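Protein chains in written order, with the working numbering: chain A, 4 to 73; chain B, 844 to 1091.
Treat the hints as calculated values from the structure; they're not laboratory data.
Predicted model, so just to flag it, every value in this text is computed and none were measured.
Each residue gets a CB set at the ideal place from its N, CA and C atoms; glycine is no exception.
Hints are not guaranteed to be accurate.
[Unchecked claim] Computed far set for chain B versus chain A, every beta-carbon distance over 12 angstroms:
hint: 1; residue: Asn928
hint: 2; residue: Phe955
hint: 3; residue: Asn995
hint: 4; residue: Ser1056
[Said to hold, decoys possible] Only pairs whose alpha carbons sit at most 27 angstroms apart, straight line, appear in this in silico DSS-like list of lysine-lysine:
hint: 5; chain 1: A; residue 1: Lys12; chain 2: A; residue 2: Lys27
hint: 6; chain 1: B; residue 1: Lys1031; chain 2: A; residue 2: Lys26
hint: 7; chain 1: B; residue 1: Lys1082; chain 2: B; residue 2: Lys857
hint: 8; chain 1: B; residue 1: Lys1037; chain 2: A; residue 2: Lys72
hint: 9; chain 1: B; residue 1: Lys1031; chain 2: A; residue 2: Lys27
hint: 10; chain 1: A; residue 1: Lys34; chain 2: B; residue 2: Lys857
[Claimed, not checked] Partner residues aside, some chain B positions facing chain A, computed with beta carbon under 8 angstroms:
hint: 11; residue: Met844
hint: 12; residue: Ala845
hint: 13; residue: Gln847
hint: 14; residue: Tyr861
hint: 15; residue: Gly866
hint: 16; residue: Cys867
hint: 17; residue: Asp868
hint: 18; residue: Gly870
hint: 19; residue: Val871
hint: 20; residue: Tyr998
hint: 21; residue: Leu1011
hint: 22; residue: Ile1029
hint: 23; residue: Lys1031
hint: 24; residue: Gln1067
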Amino acid sequence: MSHIVIDEKRCKACYLCVNECPKKLIKISNKTNNLGNRIVEFDDPEHECLGCAMCATRCPDLAITEVYKG
Amino acid sequence: MATQVFSIPKSLKKDVKYSFCPGCDHGVAVRLVAECLDELGLKENTITATSIGCSVGLYDFIDIDAIEAPHGRALAVATGVKRANPDKFVFTYQGDGDFASIGWAESMHSAFRGEKLSAICINNTTYGMTGGQLGPTTLLGQVTTTSPTGRNIEYYGYPVKIAEHIALSEGTAFSARVSLDSVANIRKAKAAIKKAFEVQMKGLGFGFVEILSSCPTNWRMSPQQAHERVRNEMMPIYKLGVYKDITA
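Pulled out of the complex, with its shape left as it was, chain A reads as follows (with noise of 0.2 angstroms):
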């Protein structure tokens, strides 16, 4: 089952990989971290993940470290 991995505590609510997945599986969620920011969640019931790890590629801060295909 494809999925991804979040550290929660390296995202700066730049929400570039909310835009960039496509299957829009990336949410912004209401949680808060220890920077302030209002971080994103990986949200698939469905089990749509493609893993095709485009928005590890876009994050700009690694907060996406680990992303599993198949």
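Starting from the known structure of chain A, arrange chain B on it as the hints suggest.
Below, chain B without anything else, positioned relative to chain A:
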């Protein structure tokens, strides 16, 4: 069984946290450099000469030996390091103000001499760290804190096209301009950085990559809008492509 298709490059320091502004493309560029060092197996054999500007903190992020050069003189320092240690891999990571303004002489003459070095220049059309002043690559008409009515030709002259100038030098083995505005272009940027590293490893000459990057903070834009500006305003002036490649 899921296979891992992305992980943090091993050349980056453990638990690294970038000091860049939200949405800044510097983070992507540093990661691409680290990925190339990983893939070429260079981490243990690399020395970097770092610059002044937003690019200054490279040694805080990548786990390699580094020497801090005076403003603009990264390639002059790198020349000394490489000549004293010809078996080491030496590269610089600079901004456009550092590379093309205060360091223009050192940068161009490194290319003219055909030093076996690799240089990466991040072009965001402004001086990012000091608050968005007019730089050598600022576009015509662009409003900055020191050009409040926009850059005009009579007063400020024309923007510098770095990759083309470096390509004119006979000592240059590879010169390209890439962009980080989209995922496709990020992948091309990585290929160009790798090529610039490889020409040094083969001892062919000077390897150079100019990377078009966004500066959402000083452009007063959202990260998304900043990438649209790179696409719509910068890329028609600073055309992407490989300007010189002696291995092709």
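Outcome of the hint check:
Distance check for B/Asn928 against chain A: the nearest CB is about 30 angstroms away, which clears 12 angstroms, and the non-interface claim stands. Look at B/Phe955: its CB is around 34 angstroms from the nearest CB on chain A, clear of 12 angstroms, so calling it non-interface holds up. Residue-level check passed: B/Asn995 sits 32 angstroms from the nearest beta carbon of chain A, beyond 12 angstroms. Remark: the non-interface label on B/Ser1056 conflicts with the geometry, its nearest Cβ contact in chain A lying 10 angstroms away (cut-off 12 angstroms).
Simply put, A/Lys12 and A/Lys27 have alpha-carbon atoms about 22 angstroms apart, close enough for the 27 angstroms limit, and the pair holds. A hinted pair counts as satisfied when its Cα atoms are at most 27 angstroms apart, and B/Lys1031 with A/Lys26 qualifies at roughly 23 angstroms. Straight-line distance between C-alpha atoms of B/Lys1082 and B/Lys857 comes to about 36 angstroms, which puts the hinted pair past the 27 angstroms bound. Using a Cα cut-off of 27 angstroms, the hinted pair B/Lys1037 and A/Lys72 holds, with the two alpha carbons roughly 25 angstroms apart.
For the hint pairing B/Lys1031 with A/Lys27, the CA-to-CA distance comes to about 24 angstroms; that is within 27 angstroms, so the pair holds. Of the supplied pair hints, the one linking A/Lys34 and B/Lys857 holds, its CA atoms being roughly 25 angstroms apart against a limit of 27 angstroms. Hint status for B/Met844: holds, given a least beta-carbon distance of 6 angstroms to chain A, under 8 angstroms. Interface hint at B/Ala845: satisfied, since its Cβ lies 4 angstroms from the closest Cβ of chain A, which is below the 8 angstroms cut-off.
For B/Gln847, the interface hint holds, the least distance from its beta-carbon to any beta-carbon of chain A being 6 angstroms, beneath 8 angstroms. Annotation: interface hint on B/Tyr861 holds; nearest CB of chain A at approximately 5 angstroms, less than 8 angstroms. The beta carbon of B/Gly866 comes within 4 angstroms of a beta carbon in chain A, closer than 8 angstroms, and the hint placing it at the interface holds. Interface hint at B/Cys867: satisfied, since its Cβ lies 6 angstroms from the closest Cβ of chain A, which is below the 8 angstroms cut-off.
Hint on B/Asp868 holds. Least Cβ distance to chain A is approximately 6 angstroms, under the 8 angstroms limit. Taking 8 angstroms as the C-beta cut-off, the interface hint given for B/Gly870 holds, the closest approach to chain A being about 3 angstroms. Among the interface hints, the one on B/Val871 holds; its C-beta lies about 5 angstroms from the nearest C-beta in chain A, closer than the 8 angstroms criterion. Hint status for B/Tyr998 relative to chain A: violated, with the closest Cβ pair at about 34 angstroms, above 8 angstroms.
Interface restraint check for B/Leu1011: the shortest CB-CB distance to chain A comes to about 32 angstroms, outside 8 angstroms, so the restraint is violated. With 8 angstroms as the threshold, the beta carbon of B/Ile1029 comes within range of chain A, its nearest partner Cβ sitting at about 5 angstroms, so the hint holds. Among the interface hints, the one on B/Lys1031 is violated; its C-beta lies about 12 angstroms from the nearest C-beta in chain A, farther than the 8 angstroms criterion. With 8 angstroms as the threshold, the beta carbon of B/Gln1067 comes within range of chain A, its nearest partner Cβ sitting at about 6 angstroms, so the hint holds.
Hints 4, 7, 20, 21 and 23 from the list above are not met by this structure, while the remaining hints are.
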